[in-house]
Every structure is written in structure tokens, then in C-alpha cells.
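> Going down the list, the sequences are from chains A and B. Counting from 1, position 38 in the first sequence corresponds to residue 38 in this note's numbering; the numbering is continuous, with no gaps. Counting from 1, position 337 in the second sequence corresponds to residue 337 in this note's numbering; the numbering is continuous, with no gaps.
Hints are computed from structural coordinates only; laboratory data are not their basis. Please read all numbers here as calculations on a predicted model, not as lab measurements. Glycine included, every Cβ here is placed at the ideal spot set by N, Cα and C. A few of these clues could be false.
Covered by chain B, according to a simulated footprint, are these stretches of chain A (three or more residues, beta-carbon under 8 Å) [unchecked claim]:
(1) 27–40
(2) 64–71
(3) 144–158
(4) 275–281
Each chain, letter by letter, is given below.
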Amino acid sequence: MNGDDLMPDISTMIRDTARKLLEEKKVDLVIGFEKGTLPLRSTPCFIRNSKEAEKLVWNASCENNLARYLRKRQEKIGIVAKGCDVRSIVELIKEKQLTREQVFIIGIPCNGMVDRKKIDLKLNGREILEAEEKDATLILKGYNFTETLDKEEFLHDSCRTCKYRNPVIYDVLIGNKVAENEGTDEYEEIRQFEAKSADERWQFFTEEFSQCIRCYACRNACPLCYCQECFVDNSQPQWIGKTTNLSDTLIFHVVRALHAAGRCVDCGACDRACPMGIDIRKLTRKVQMDVKQLFHYEAGISVDDIPPLATFNLDDPQEFIK
Amino acid sequence: MKEMKIAKNDLVSFLDTLITEYEVFAPVKKDSSVVFQEIYSGSEALLDYSNSQKPPKEMFFPQKERLFSYDLSPKKAGIEEPLLAEKQRIIFGIRPCDARSFVLLDRVFSGGVYKDIYYIDKRKKTLVIALGCNRPKSTCFCTSLGGGPFSQEGSDLLLIDIGQEYVVQVITDKGEELIKKHKEFMEADEQSLFSMRKVVDTAEASIKFRVDVWKVKEKLDGMFDDPFWDLVSEKCLGCSACTYLCPTCHCFDVVDEVIGQRGERIRIWDSCAFPNFTLQTSGFNPRPTIKERVRQRIMHKFKYFVDNYGVAACVGCGRCIRECPVNLDIRAVLNSILER
Numbered sequence: 001m002n003g004d005d006l007m008p009d010i011s012t013m014i015r016d017t018a019r020k021l022l023e024e025k026k027v028d029l030v031i032g033f034e035k036g037t038l039p040l041r042s043t044p045c046f047i048r049n050s051k052e053a054e055k056l057v058w059n060a061s062c063e064n065n066l067a068r069y070l071r072k073r074q075e076k077i078g079i080v081a082k083g084c085d086v087r088s089i090v091e092l093i094k095e096k097q098l099t100r101e102q103v104f105i106i107g108i109p110c111n112g113m114v115d116r117k118k119i120d121l122k123l124n125g126r127e128i129l130e131a132e133e134k135d136a137t138l139i140l141k142g143y144n145f146t147e148t149l150d151k152e153e154f155l156h157d158s159c160r161t162c163k164y165r166n167p168v169i170y171d172v173l174i175g176n177k178v179a180e181n182e183g184t185d186e187y188e189e190i191r192q193f194e195a196k197s198a199d200e201r202w203q204f205f206t207e208e209f210s211q212c213i214r215c216y217a218c219r220n221a222c223p224l225c226y227c228q229e230c231f232v233d234n235s236q237p238q239w240i241g242k243t244t245n246l247s248d249t250l251i252f253h254v255v256r257a258l259h260a261a262g263r264c265v266d267c268g269a270c271d272r273a274c275p276m277g278i279d280i281r282k283l284t285r286k287v288q289m290d291v292k293q294l295f296h297y298e299a300g301i302s303v304d305d306i307p308p309l310a311t312f313n314l315d316d317p318q319e320f321i322k
Numbered sequence: 001m002k003e004m005k006i007a008k009n010d011l012v013s014f015l016d017t018l019i020t021e022y023e024v025f026a027p028v029k030k031d032s033s034v035v036f037q038e039i040y041s042g043s044e045a046l047l048d049y050s051n052s053q054k055p056p057k058e059m060f061f062p063q064k065e066r067l068f069s070y071d072l073s074p075k076k077a078g079i080e081e082p083l084l085a086e087k088q089r090i091i092f093g094i095r096p097c098d099a100r101s102f103v104l105l106d107r108v109f110s111g112g113v114y115k116d117i118y119y120i121d122k123r124k125k126t127l128v129i130a131l132g133c134n135r136p137k138s139t140c141f142c143t144s145l146g147g148g149p150f151s152q153e154g155s156d157l158l159l160i161d162i163g164q165e166y167v168v169q170v171i172t173d174k175g176e177e178l179i180k181k182h183k184e185f186m187e188a189d190e191q192s193l194f195s196m197r198k199v200v201d202t203a204e205a206s207i208k209f210r211v212d213v214w215k216v217k218e219k220l221d222g223m224f225d226d227p228f229w230d231l232v233s234e235k236c237l238g239c240s241a242c243t244y245l246c247p248t249c250h251c252f253d254v255v256d257e258v259i260g261q262r263g264e265r266i267r268i269w270d271s272c273a274f275p276n277f278t279l280q281t282s283g284f285n286p287r288p289t290i291k292e293r294v295r296q297r298i299m300h301k302f303k304y305f306v307d308n309y310g311v312a313a314c315v316g317c318g319r320c321i322r323e324c325p326v327n328l329d330i331r332a333v334l335n336s337i338l339e340r
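Go ahead and model the full structure; you've got the sequences and the hints to work with.
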């Protein structure tokens, strides 16, 4: 099956599934994607009426992690979920933010989502006015240009190293399972970064995080950043300064990354949301790699796993206690 | 209004001369985006760009600004006012939409009873040289907000690229004085003005999205309790990417940063999208959910600001449209309001 057949098919199947779920009152709400207002952009949508199921789409720009919208709802929810969304759902269930019964997971095997920032860089400022996905390519048109790009080359970094493209749990799976990305070393880039000198690393963090405007798009896009009151918002006591001083900004990002230890599924939502293009995953992935090495644990795989930081074993590594 | 021209080849030397006398800020390429920063050579200025990632409001209303410092120790107790800018500044190459945002900010910071000395000082000492927008982006809708790709409001001089040269529209006396001092400028001839009109017409016609903001305002007058806000806000993440990247959003908070006996009172950007924005000391929050916050953003821009100043607090630059992590498009919101 080529992409041309695949994409419309999956959209149609999602619509049919959503329509049926709503008509049969198995769910009150379906959260999925609809066509966005810009090329290469799909946008989250909330369907309560089966007639509106027509709006639902599936393509390589369904990049948001919809698990972010699941908490604090009374309704029974159907959710269109790719591999990383499902892993976040697993975490939310584990953390008792959601019950398994409350969600109907419309699982979608995912070939990765395209990164508009990478494409913008490639186009060097030329604006895309029309975009079409065809097989493994993207056909982009703008003022006096047409470019055909290989989709694979422009995937988000998190998609390139993702090892759970197929949902780990679901109520219905739409489309065929896709091949998993077994061969790649997902932490190669982090290891290379760690090999750099402290000065080089510090310079990198200084440059990256001095761009931060403290808009908290990263935090708010994250399905697992759901503290009742985030430590940065707390005013009594005020844990950190509110300005864009590098020390304050870095503390925010470092604490956020540490708070996601053993919980972060590396969906990349923080990176994608950042309007300043900051490489936030450098921090979250280091923490994720450490959790995997120290506790042989990956988040979002099974609802029965006990989170590594919520338990202990007598043989837990303890080299850090010296 | 006087119309002059300058050859493209002369622009760098013009900027070089300006740099000797002024702090000159211009668009500069940084990684994949464009930022406004001080340049030390005319050749650093990027002239072929669409717009900067962050709006230039920071030139007058920085994200963090020290209002004063204080010392509480018994011997040195007192307040130290910050030094005001000494050098005259020039912002070169900003887009007309952003130049127009200064005029809107003026109404807040210097138009009424309360005069903001920090803002006014910087504004007075700054000359604005805008660069017309030959190819607006698909997300631009300045023409619906009373501006346009060559709008003059907020600029002292406006440059219009007509190929080998720029036509220079001399908008203010400040602009005229500057031009007089530089020999690179000549009176624009009929040929140049003809080319300019063509460029202007083409660019203006390329802006497709139109919305009647006065009709939006009329609708909003009766929409405070409309269930519409539940629907339109459902996907909003509650971050401040839209408001911080907006050239006209100007809400701020004031915080004290204290170390021992010394402290600084600092003004920082704040956003109506945040839960703390209206949280009261009693613990009550009149805008408890995202719904009320999204409503506030739209109402402030298209109703309250119009009520207060007779103009909408939006210049149609499209930054919020391009940068919203969930594609909550303000144009779609405005259209939906009109459909209510």
C-alpha cells in the first residue's frame, strides 16, 4: 500500500470509527485532528456530534500530543492516538489521572510527523503556500517555487528515534502496524553531547536557553506537566525568579526535566511547541537515558509497571550516594 | 509628504554613517530566525526578510526592565533610579505593521493620565526607519486593522524597495532632519514613483484575508457570556506564545528581586493566558479557566482597547498565527465571532 492510498484511508477509517462511537453512545467526545489553517498544519479538534466526524483527518502534520487534553473531564472520551500519545495515556493512567475505562483509544500506527522548522530552514525563508503529501514525499509550493522533499528526512527528531510507533495499547487499531525503528541508537546524540567538555556543554545550554521567553508552551503542551500549581507559578514561597535571567530560565527547564524523570515518553511535544526553537529535549532525553540505564525502565509501556521513582529495590544502583 | 530615493548600493554606507552617531538596531539573521539587534556595520542588516521572530516592542518595553534599585541597610538606605538611555537610537528596517504597533503602545504608556517614564524616554530617543513589505506573508492581515504593507503610522521614514533603489517616504520632521544630513538621498523622480506605486498595489492586493474589525467589535459587545468561548478555547494550551510574540500585547507584572538588604524592582511581561494573571490575594480568580483567559485576549484586542482608544490592539502581523503550538488561528476566531 502506498502513502497516497494509506493517508485518505486512515482518515476515512478514523471518521467512521468516531461516528460509530458517538452514535452508539460509547463515547461522549472524540478528540482528534482536523485540517489546520496553514499548510503542513493539522489542529486538535473536539467532536461531540457524530455529524462533525467528517472533519477528522490523519496526515504527517498531526504532531500535537492529544493526551494533553484528557485530564479533568467527566465525559467518556474517544481519542485518536499515535504511538507517543498512547504512551502518555499509559502514564496518565498509572498516575491515576485517568482510568482505562474512561478512554477509548483509537490507535494509529505512526510513520512520524514532519518538522516544519526543519522544512523552513531548508526553504531558507521562502513561504509554503500549499503542501501535499504524496507517498513518501511532500510537495511544497510557494511563490515561484515547487519543492519535492523526502518526508523521512524532515521528521521531528523525536520521531526519528522513536521505538514505539505502534500504539502499545488500544481499543481499536486503524491501519496496518508499521515497522519499528529497531536499528537506531536512540541516545547516540546524547552520548555525543555528554562527551563534550563541561565548557562546551555550558556554552550550548547558555545559547539555547537564553532564547527562552518563559511562555511555558513546552510545559503546557506536555501531557505529563499537570501539577496543580507549577513551581514556577508559586509565589509563597517564590522558588525561582520570574525574569528571563538565564539562571532562572535554566532552573525552570532543569527542574521540569527532572520532574519528568521516569515519566517522560519523549513525544517531543515540548520541542514542537517552543516558538523559539529551543532544543528542550537535550535535557529531557538525558534524564530519560539515565532512567533507562539505572532502572532498566521505559515510561509508557504498560499500565502495570511501577514507576521507578515510586518504588525501590535493595539492589538499586546507588553510586550517587558517596 | 516628501518622497526621496536612495540607491541600494548607498544604503550600507548610509547605515555606517548612522552607526557613528546612533545606536542602530536592525534585523539580523540568527540561526534560522531573524532578530532585531544592535549592528556595528551597515552590512550586518538583513534587508531581504519577512519579519522578525519576536516583535520589536522590546525596544521600548523590554521583557524585563529594572524600575529602580533599593538598599535597606541602615547606613545606605535609599532608592537608586535607573540611568535613562543616553544615546539616540535608530530602529532600521522594521515592518510597517510593527512600526504601527508603537503607536498603539503609545496610547497605553504615554497617551493617558499615567505617563510611563521608562517607555517614553526610549521612545523619544528613537527614530524609526521602516521597510515596506513587498511580499506579505499568507498570515498577514494588516489591511484589516487600518494598516498596510506600506503604512506610515509609527515610522519617521519608510523605505520602499523598487529594485535598484529605495523610494524613501519622509513622514515626520525628525525623519526629514535625518535625510537632510545625508547626501545619499535624492528627490524621487516620476519613474521611481511609478515603480513604487506598482510595488505597493501588488503587495496590497496579495493580502487575501479581510475582516471587518468594527463588526467584530459590535458582536463582542454582546458576547461576554456566549457559550462560544467554551468551544473556541478548548484546544488552547494556556501558554503565552501568542501574547509574548504579539507586538501590541503590553500587560506586565512587577516583581522584587532581593538579595540580602539590596533589591531591585523589575517590570516583566505578563500574559492573560496565565492562571496567576488575575489571581487575587484572597485566592479568588475571576478568570479561573482557559475559557475566560482566551476570552480576555480576544476582548482586550478587539473590544476593550477599541472602547478605550478607538482602535483595535492588533496590527495583523500574523506572529500568533504562525507560532501557536496548536494552530489556534486568530483569523478563524474572528470569522467565527462574525458568524455568531
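> Confirm or reject each hint.
Outcome of the hint check:
no., hint, in the structure
1, 27–40, "holds (count 3)"
2, 64–71, "holds (count 3)"
3, 144–158, "violated (count 0)"
4, 275–281, "holds (count 3)"
Violated hints amount to a single one, hint 3; each of the other numbered hints is respected by the structure.
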